[in-house]
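Reassemble the complex: the two chains are provided individually, in unrelated frames, and hints are given to aid placement.
Protein sequences, first through last, are from chains A and B.
Under the numbering used here, the first residue of the first sequence carries the number 275, and numbering increases by one thereafter.
Under the numbering used here, the first residue of the second sequence carries the number 51, and numbering increases by one thereafter.
Careful, some of the hints might be misleading.
Below, a sample of chain A positions facing chain B; criterion: calculated Cβ distance under 10 Å [claimed, not checked]: (1) ASP359; (2) VAL362; (3) LEU376.
Treat the hints as calculated values from the structure; they're not laboratory data.
Yeah, the Cβ is synthetic: ideal placement off N, Cα and C, and Gly gets one too.
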Amino acid sequence: MTARHGSINLIADKCTSCMLCVRECPVWCISLAAHAETEAPAAPGGRARTVNVLDDFSIDYGLCMFCGICIDVCPFDALEWNVADDLVEVTRAATVHDRERLA
Amino acid sequence: MTLRVWSGGGRRYAVDEMALACCAVELAVDLPDFDETDLDIDAHVLVVAGTVSRAALPTVLARYEALPEPRYVIAFGACATSGGPYWDSYAVIPGIGESLPVDVFVPGCPPRPHLLTTALESLVGDRDVVGSDS
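The following block holds chain B by itself, in its conformation from the complex (with noise of 0.2 Å):
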């Protein structure tokens, strides 16, 4: 499990990342890896970064329920979207938007790092996400 930290709006987030793929380079780059000082903080948000295979979709479901309530998804990059250059393929998930409630989705092949940012922007300017003040 990997935890990262956001910094938006004068409030610290955590994010749950679900690195299956390539995407999950573009995502280190824009957000820095879990601190020892932060882990006050419980991740509402997981992001799921890459081409969900049919075999990884049990180990991506288990990470959603083991977050706490209210929880979000980010589909980040094609292949998590709608399955990418993968569709039509018998082992890849066609998009975890059929799997979970995606609140999020970051087209790109990859996406660029910031708009990481752009999505966190969007899902904490629309809905209540659990953040620490400090």
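In isolation and in its complexed conformation, chain A is listed as follows (with noise of 0.2 Å):
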């Protein structure tokens, strides 16, 4: 059996680290790390732009309720629903799913 709401899938390349998702989370089960990079002006002139960085993002699937509330609100679409609900472990620390297993 598949379910459309099985788990939740990070497009890190759209994240820009905005924390909304975070705070959002009812049972602030999201832990997100990020820093900032100056990123040299597009052209000659111009102005140096200021950049956020993902560094780590994590869901803790023990305490996640599915509600999806963090993909609702994420305003650049960098979360999203998976059908793959396989999230049955043996250790506590193996349910907060990383970056790596997000993707």
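Pasting the structure below:
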């Protein structure tokens, strides 16, 4: 049996580390780490830009209620539902999925 | 005490259920009730389904102690795994794993019923769970 709302995928390239998902999560199951980098001006005489670079992103499926609020609030569609729901784990630590497992 | 039967790999296993909250409904969907003719099997698996409050913890521990060895624990759902939405409540145990040796964690709020089958398959695959051949 597959389910539409089985798990959550992170599309890291779209994530701007804005923290909206982290703050809106009712059970605080998302953790996110990022740092700021300065990008050189695109054209001569332009202004340097500061961008956020995502370092780490994890969802604790042991806490997650699969409500989808994080997916709803993401302004950049960096989170999406995945049909895979094989989240049964033998240790508590393994229920926390890091960036690689969410990809 | 509610006992349920799970059949897998040509064997039957009795499963004891600690029904504490809404997760128990999902559990009941997946496994049929214990049948009169099945009463010869002992349960070696305890499924904790629902929010474990501090007040309910002694009951859960007693239920675990009552199982014959070797015994196994499945934490079914977010509350049993981590306390779920109540993880920061003074009245709730943030996961049964801090009080019992949990063998399988089943995430979800609630988990889909078939994930209990997945958890039992994983348990039986990893451990030598006592079951009946009939």
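Do the hints match the structure? See the list:
no.: 1; hint: ASP359; in the structure: holds (6 Å)
no.: 2; hint: VAL362; in the structure: holds (5 Å)
no.: 3; hint: LEU376; in the structure: violated (14 Å)
Violated hint: 3 only; the structure is consistent with all others.
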